Amino acid sequence: MTAPALVLDGVTHAFGDRVALDGFTLTVAPGQVTALVGLNGAGKTTALRALTGRLRPGGGTVRVLGHEPSRLPPAVAARFGHVVGAPLVQPELTVVENLWCAALLHGLRRRRAAEAAHDTAERLGLAPWCDARARALSAGNHQRLGIACATLHRPAALVLDEPTSALDPQGVVVVRGLVRDLAAEGTAVLVSSHHLDEVARVAGEVVVLHAGRDVGRLEPGGDGTTDGTTGGTSIEQRFFAMVLEADTSSGTGDRPGTRTGGPA
Amino acid sequence: MSAAALAAALRIEGLRLRRSPVAVLAAVLLTALVPSASVGAVALARSPHAAAPTAAKLAPYAAGDLAATHLTVCAQVLGVAALVAGGFVVASVFGRELETGTAGALFALATPRAAIALARCVVVVLWLAACVVLTVLLTVAVSAVVATGGGSGASGAWREAGRAVVSGLLGVGLALPFGAVATVTRSRLATVGALLGVVALTQVVVLLGGGAWFPYAAPSLWAGLGGPAAAAAVGVPHLLLSATVGPAAVVVVVAAWHRLTDV
Chain A
1 MTAPALVLDG
11 VTHAFGDRVA
21 LDGFTLTVAP
31 GQVTALVGLN
41 GAGKTTALRA
51 LTGRLRPGGG
61 TVRVLGHEPS
71 RLPPAVAARF
81 GHVVGAPLVQ
91 PELTVVENLW
101 CAALLHGLRR
111 RRAAEAAHDT
121 AERLGLAPWC
131 DARARALSAG
141 NHQRLGIACA
151 TLHRPAALVL
161 DEPTSALDPQ
171 GVVVVRGLVR
181 DLAAEGTAVL
191 VSSHHLDEVA
201 RVAGEVVVLH
211 AGRDVGRLEP
221 GGDGTTDGTT
231 GGTSIEQRFF
241 AMVLEADTSS
251 GTGDRPGTRT
261 GGPA
Chain B
1001 MSAAALAAAL
1011 RIEGLRLRRS
1021 PVAVLAAVLL
1031 TALVPSASVG
1041 AVALARSPHA
1051 AAPTAAKLAP
1061 YAAGDLAATH
1071 LTVCAQVLGV
1081 AALVAGGFVV
1091 ASVFGRELET
1101 GTAGALFALA
1111 TPRAAIALAR
1121 CVVVVLWLAA
1131 CVVLTVLLTV
1141 AVSAVVATGG
1151 GSGASGAWRE
1161 AGRAVVSGLL
1171 GVGLALPFGA
1181 VATVTRSRLA
1191 TVGALLGVVA
1201 LTQVVVLLGG
1211 GAWFPYAAPS
1221 LWAGLGGPAA
1231 AAAVGVPHLL
1241 LSATVGPAAV
1251 VVVVAAWHRL
1261 TDV
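Those protein sequence lines, which keep their order, are chains A and B. As numbered in this note's numbering, residues 1 to 264 make up the first sequence, in order. As numbered in this note's numbering, residues 1001 to 1263 make up the second sequence, in order.
Quick caveat, the hints were computed from the structure, so don't treat them as lab data. None of these values were measured; they are calculated from a predicted model. A hint or two may mislead.
[Said to hold, decoys possible] To list a few chain B residues with every Cβ distance to chain A over 10 Å, as calculated: (1) Ala-1004; (2) Ala-1005; (3) Pro-1112; (4) Phe-1214.
[Claimed, not checked] Incomplete in silico selection of chain B near chain A, CB under 10 Å: (5) Leu-1015; (6) Arg-1019; (7) Leu-1106; (8) Ala-1108; (9) Thr-1111; (10) Ile-1116; (11) Gly-1209; (12) Trp-1213; (13) Leu-1260.
[Stated by the list, open to error] Label pairs and their computed distance ranges (CB to CB): (14) A:Val-173 / B:Val-1133: 26 to 32 Å; (15) A:Asp-119 / B:Val-1122: 42 to 48 Å; (16) B:Leu-1240 / A:Ala-86: 37 to 43 Å; (17) B:Ala-1190 / A:Pro-91: 19 to 25 Å; (18) B:Val-1184 / A:Arg-71: 46 to 52 Å; (19) A:Glu-245 / B:Arg-1018: 28 to 34 Å; (20) A:Ala-86 / B:Leu-1029: 26 to 32 Å; (21) B:Arg-1018 / A:Ala-136: 14 to 20 Å; (22) A:Thr-2 / B:Leu-1029: 56 to 62 Å; (23) A:Arg-71 / B:Gly-1227: 53 to 59 Å; (24) B:Ala-1051 / A:Ala-136: 38 to 44 Å; (25) A:Phe-15 / B:Gly-1210: 29 to 35 Å; (26) A:Phe-15 / B:Val-1122: 32 to 38 Å.
Beta carbons: idealized from backbone N, C-alpha and C, even for Gly.
Could you put the whole structure together from the sequences, leaning on the hints where they help?
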């Protein structure tokens, strides 16, 4: 059996009195696309920050390609990519310069970095803006550039936080295609998103995180459709039912800040 | 940290600094204002039309070899100007990404954060050192034009030019600790506040007579800003203490970026 590329095992973390992750466990195998969904404050970004080494959790084990993420050896880090929050984009540099810098930071040699920068700009539809400063880009193209910077070295493990939040429909299709291509090459992909229909299209597994805990799995397009509908129940309805059940069973449904509710 | 990682970081940080508005503005202000102020202050000191308070303030520049005096003023101004300009550049280079959250993207990369921080220190020092040398050369050039026909003690002028370069380079080194301040505070404004605080503190220390052993005061005092007696009190040990501040700050900044967390 192939070892998982991304591992969160019993991870706990709190910001003061507020519990962000409560024994959260998740693994993503090579070639697998897993989506992490949840309400605001559910703990998604905390989990992703722990995976990128930006935050050392209070407890539990975190591994990226078998290593502790805050101490990744350079050769291992060269096979990892991530966009969590602000991307690896410098506003004063042009699109192609940003890509070139990202390629160097990912460990590519100078000549290969220049080739990867131009190839990636073409692949993600950024070629028309190659010489534009990043600060002049629209929010959507800025997000595309961030994803391009995180993936131009074709990583073996990839973490993306809300990768399509600012994208137009064409951009969503481009990023979806990129994620599928990388997974086909064997990349383990973990995506956090609020767009339930979108994750249903791209992910093989949808994990619901609520109040820092894994409260279940959603079947993406379970009846073979690609719109996330199973037996006439949309993925959105199933998500809210799962969250409501978690609140009810833990007795937190009436607590301020944890009340949940779905569409009527 | 491998040589390849450091080389990559140097290429990237060199490009970023060349595109940084703060670094470009600092270079323009240093190379334009310091020569102008040096020549202008001496011209004012020797003008019969200068107001009495101004003439009194600039009295030390009213006599002596013209070119040497231009470069004496340059040395006195450049120590402080390089510190302030460098402080702004360092605040921007180390503080902006921590303030905006972009620093999070520098985690888990093949190029370690320690290499990136070291490369930033190196390119900032090279950039500001080049500005210091260019500023002194421009002052020499402007002085040569102004002093034409007025006679010049060449050896005295070149000695003062050397003093200006050393004073400016010491100012550059003294700016580097603000990279650590930016890393800890994660704020450019707080870093600039700390810079202004240190400049003010230096004035107080000098007023209290403890300047020679205070690293931020020694370069300017040595350049003559506190008068001939204060300048004579500053020796090689005092200047060496000032010179160690920069390398020590590099070690601290690199370690702080290596240990960075909760970004």
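Output the indices of the hints that this structure fails to meet, ascending. The structure breaks hints 1, 2, 3, 11, 12, 14, 15, 18, 19, 24, 25; every other hint is satisfied.
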